[in-house]
Amino acid sequence: MSYIDGFVIAVPNANREQFIAHARTFDAIFLEFGAIRVVECWGEDVPDGKLTDFRRAVQATQDESVVFSWVEWPDKATRDAGMAKFMQDPRMEAAAHCPFDGKRMIFGGFKTVVSLPD
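Every position in the sequence shown, counted from 1, becomes a number in the working numbering once 11 is added.
Please note that the accuracy of each hint is not assured.
[Claimed, not checked] Below, simulated BS3-like cross-link-like pairs (lysine-lysine); rule was C-alpha separation at most 30 Å, straight line:
# : residue 1 : residue 2
1 : K122      : K96
2 : K61       : K96
3 : K114      : K96
4 : K122      : K61
What the hints contain is simulated information worked out from the structure, not anything from laboratory work.
Here the structure is a predicted model, which is why all the values come from computation and not from measurement.
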């Protein structure tokens with residue numbers, strides 16, 4: 012089964028188009044290095060929770076939206092090799108000028124246990 016890298020970030024609403032351009036640039040690099048799919052989702056219905064929620068997880072302010080993203084890899088070995096290449100790629104220098112606060116990003120790698128339809 013595939014391996015997933017998941018990301019949640021807060022992006023200023025004013026930077027929406029900058030974020031989309033940024034994602035198109037860097038998501039293409041993931042695909043170049045072996046990812047089979049990249050999905051970027053702009054928060055539309057992200058409710059406040061009673062104990063925790065997406066907005067609190069990334070300390071989103073009122074003028075920010077939550078973005079939920081994932082990169083699908085065929086397997087963990089491909090992901091590990093692809094991410095190593097990604098992090099060493101000279102194009103990553105431009106990532107220092109991303110349209111969001113990367114320090115508030117949460118991320119992790121996940122082994123797929125259920126995938127429907129399959």
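We went through each hint and held it up to the structure:
1. Of the supplied pair hints, the one linking K122 and K96 holds, its CA atoms being roughly 20 Å apart against a limit of 30 Å.
2. A hinted pair counts as satisfied when its Cα atoms are at most 30 Å apart, and K61 with K96 does not qualify at roughly 40 Å.
3. Distance restraint check for K114 and K96: the Cα-Cα separation of roughly 22 Å lies within the 30 Å cut-off, and the hinted pair is therefore satisfied.
4. Only pairs whose Cα atoms come within 30 Å are accepted, and K122 paired with K61 is accepted, the gap being roughly 29 Å.
Hint compliance for this structure: hint 2 alone is broken.
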